[in-house]
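Novice: What follows is the residue order along each chain.
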Amino acid sequence: MASEKEVKLLDFWLSPFGVRTRIALEEKEVEYEYKEEKNLILGEKSELLLKSNPVHKKIPVLIHHGKPICESLIIVQYIDEVFPSKTPILPSDPYARALSRFWADFVDKKISQYALRIWRLKKGEELDETKKELVENLRMLEAELGEKKYFGGEDFGLADIAFVPFTSWFYSLQAFALLSVEEEFPKLTAWGNRCLERKSVAKSLPEPKKVYELLSARRKELGVE
Amino acid sequence: MAKEDEVKLIGVWPSPYVARAMIALNLKGVEYEYIPDDLFNKSELLLKFNPVYKLVPVLIHGDKLPVCESRIIVEYIDEVWASSGRPSILPADPYDRATARFWAAYVDDKLAPHCRVLVWSNDEKSIAEAKEQLLAAVLQLEEAFIECSKGKSFFGGDTINFVDIALGSFLSWMKAFEIIMGKNFLDKTKTPRLVEWAECFRSVDAAKDVLPEAEKLVEFRKFAMAARRVTVADAATK
Chain B
1 MASEKEVKLL DFWLSPFGVR TRIALEEKEV EYEYKEEKNL ILGEKSELLL KSNPVHKKIP
61 VLIHHGKPIC ESLIIVQYID EVFPSKTPIL PSDPYARALS RFWADFVDKK ISQYALRIWR
121 LKKGEELDET KKELVENLRM LEAELGEKKY FGGEDFGLAD IAFVPFTSWF YSLQAFALLS
181 VEEEFPKLTA WGNRCLERKS VAKSLPEPKK VYELLSARRK ELGVE
Chain X
1 MAKEDEVKLI GVWPSPYVAR AMIALNLKGV EYEYIPDDLF NKSELLLKFN PVYKLVPVLI
61 HGDKLPVCES RIIVEYIDEV WASSGRPSIL PADPYDRATA RFWAAYVDDK LAPHCRVLVW
121 SNDEKSIAEA KEQLLAAVLQ LEEAFIECSK GKSFFGGDTI NFVDIALGSF LSWMKAFEII
181 MGKNFLDKTK TPRLVEWAEC FRSVDAAKDV LPEAEKLVEF RKFAMAARRV TVADAATK
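In order, the protein sequence lines correspond to chains B and X. If you count the first sequence from 1, position 42 lands on 42 in full-length UniProt numbering, and the numbers rise without skipping. If you count the second sequence from 1, position 132 lands on 132 in full-length UniProt numbering, and the numbers rise without skipping.
If you are wondering where the hints come from, they were derived from the structure by calculation, not from laboratory data.
In silico DSS-like cross-links for lysine-lysine, where the CA-CA straight-line distance does not exceed 27 Å:
id, chain 1, residue 1, chain 2, residue 2
1, X, K48, B, K109
2, B, K28, B, K199
3, B, K209, B, K131
4, B, K57, X, K131
5, B, K132, X, K54
6, B, K109, X, K8
7, B, K209, B, K220
Chain B on its own, in the form it takes in the complex (with noise of 0.2 Å):
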């Protein structure tokens, strides 16, 4: 008789939001059943993503006991809650906590809307004003960082989590729009080769190149090269 992984995740593999959930679900080791929308791409969506999250059609999704979580970092948070280990994603002092969610935030705010655009715009105005505004908000980030080991200090938490994915785009920003984060962010670099020590983050992170494929070939196909 077949029995139903308890936790499945619904997921596409270059999703940045995916790699949350990803990370999240190695860092406190639980055994996941793993579900690609292979067709994302193509804009076709399983019946089991309609009807898991209803009101975005969206990944990721973790499907828990039947029920669905929707929404990377609420379903991050929602991991730490439910599966206790001794590395908690988010601290336990509430104004730890507060900064933490401040930052995961910035990150959905203010850096996943240019960094995900970026490679699909032609050059010209709205490249170099997009271009721009990510490079203030990743001196905000670098600045934010500073000296300590991860967002949060010590400790690799939901910080880090929510912006570390988007570490597998840095080598298309470079290619796509010159923007070299290892030259003008070597705090954020470090802080990203720090996260890849981590099983977690190096098991969950697509590969930088072929991030850029799949970015290149899209491209072309909209025109944009």
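With chain B's structure known, arrange chain X on it following the hints.
Specialist: The following block gives chain X in isolation, referenced to the frame of chain B:
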């Protein structure tokens, strides 16, 4: 009160986001000092305490650095004053908590931006689009209410929770839009449960003195239109 317990809130009276923080503080019976700021002329204090967004509300608790972003502030308040003998703002069960966070985020992603357009824009096309999107969001929230309330008065059941606060803080503006546009966004035929809920929410002790009068917001909008050299994005408060 010892300095480390002092609570200050920087805000502006028309902001629904500031209202959220006030309602949460009231719910927990927390005494605080309200520091009004000026939407059109932001203070040095605000720029210093929220350098990232330069927006209200900003909560300053004791000698800690400020907490910004209304939903984060409300969660902070809920966690710090958890043992005050008052009801919890976030549900205890993790799944219910995730659901509450989902719908509060929905209010900010799918309702608030269109409210912002209706407050600040005078472009007919943008306004028409915003009205349509706002109506769609409200219809979705009616469904959410039916699911979350389980037959009771609030999203949180018998007492107000995170979602009630997130959405309830917009009630005065929704009423103001109805006055300005002659159109009901909360409608007895399309969203009957939310209409009832709005009445209940407005009479909750923690909220009733916080929500500004809709007529005052109508006046504010007139003033804002006249003073309009500010872009829609710049003027947004979170």
